[in-house]
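Asks: Sequence:
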Amino acid sequence: MAANVTFDYSGKVVLVTGAGSGIGQGTAYMFAKSGAKMVVTDRNEGKLKETAKKCEELSKQKALAIVGDITVQSDIENIINTTMDTFKRLDVLVNNAGGLVMGTCLQTSTEDFDQMMNINVRSVFLITKMAIPHLKKTQGNIVNVSTLGSSRPQIGVNAYCTSKAALDQFTRATAIELGADQVRVNCVNPSIIATENTSSSNHPTISSAMERSKDVHALGRAGTVDEVASVICFLASGAASYMTGACIPIDGGRSNMIPV
1 MAANVTFDYS GKVVLVTGAG SGIGQGTAYM FAKSGAKMVV TDRNEGKLKE TAKKCEELSK
61 QKALAIVGDI TVQSDIENII NTTMDTFKRL DVLVNNAGGL VMGTCLQTST EDFDQMMNIN
121 VRSVFLITKM AIPHLKKTQG NIVNVSTLGS SRPQIGVNAY CTSKAALDQF TRATAIELGA
181 DQVRVNCVNP SIIATENTSS SNHPTISSAM ERSKDVHALG RAGTVDEVAS VICFLASGAA
241 SYMTGACIPI DGGRSNMIPV
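Going by the UniProt record's numbering, the sequence shown opens with residue 1, and the numbers climb by one from there.
Wrong hints could be hidden among the right ones.
[What the hints assert, rightly or not] Lysine-lysine pairs mimicking BS3-like chemistry, simulated, CA-CA at most 25 Å apart: (1) 62 with 33; (2) 33 with 60; (3) 53 with 88; (4) 62 with 88; (5) 88 with 54; (6) 62 with 137.
It should be emphasised that the hints constitute simulated quantities derived from the structure, not laboratory data. Source: prediction; values computed, not measured.
Work out the full structure: start from the sequences and follow the hints.
Replies: Here it is, written out as structure tokens:
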């Protein structure tokens, strides 16, 4: 349901993590359609190849697909090094890859909590740190993908919400550090988004959230991948040149409503 918004990323190199499905895949497609040279990463080689092929069809240029696990430092180093070896520059980093573990505080094991912090915070810290020197040269920018749950937590996803709250603060802290270098850092905070995974999930917490979308959002529905991707593309564009350190809710008005 996103508007037919167009951007021009001709000559820009855009790296999207977790691009094999969902928001990451949709974001990669939108950047490719806007003329960007795409670098896409994911752990799932099959899905990643699908994304890269579609990006090439949309952009009419070769996409770079790098299989890797963003929780593994050597894989992150390979992603950044291969990007620079291939394109010699980096303009936009979209930190989309993340994970979700269900459970209240009492139900969450220490291992699961550590996993959430590793996937959703530590990995973003590492790839951002490695990308910064290159982004300084292009006065590029970073967009992190968080969740509305970072500020409006939901029962049953304690570690996930906690890790995403840390990601929001990392966004703000990094933004003020890089402001003098004209490198912008922003974040999107989607509510319930209809993706292949959420729409087909049998987990009671996720299926219940999808069913209640019409009641908990002012717009009466879940969001779409394109509605998130378009905001990411906006934040990375010159149209948002005076925005940094912002965490933008993409939530159909949910954050303004009294909980149902």
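Asks: So, for every hint listed, does it hold in this structure?
Replies: Cross-check of the supplied hints:
no., hint, result
1, 62 with 33, "holds, 13 Å"
2, 33 with 60, "holds, 9 Å"
3, 53 with 88, "holds, 22 Å"
4, 62 with 88, "holds, 15 Å"
5, 88 with 54, "holds, 23 Å"
6, 62 with 137, "holds, 23 Å"
The earlier numbered hints are all upheld by this structure, with none contradicted.
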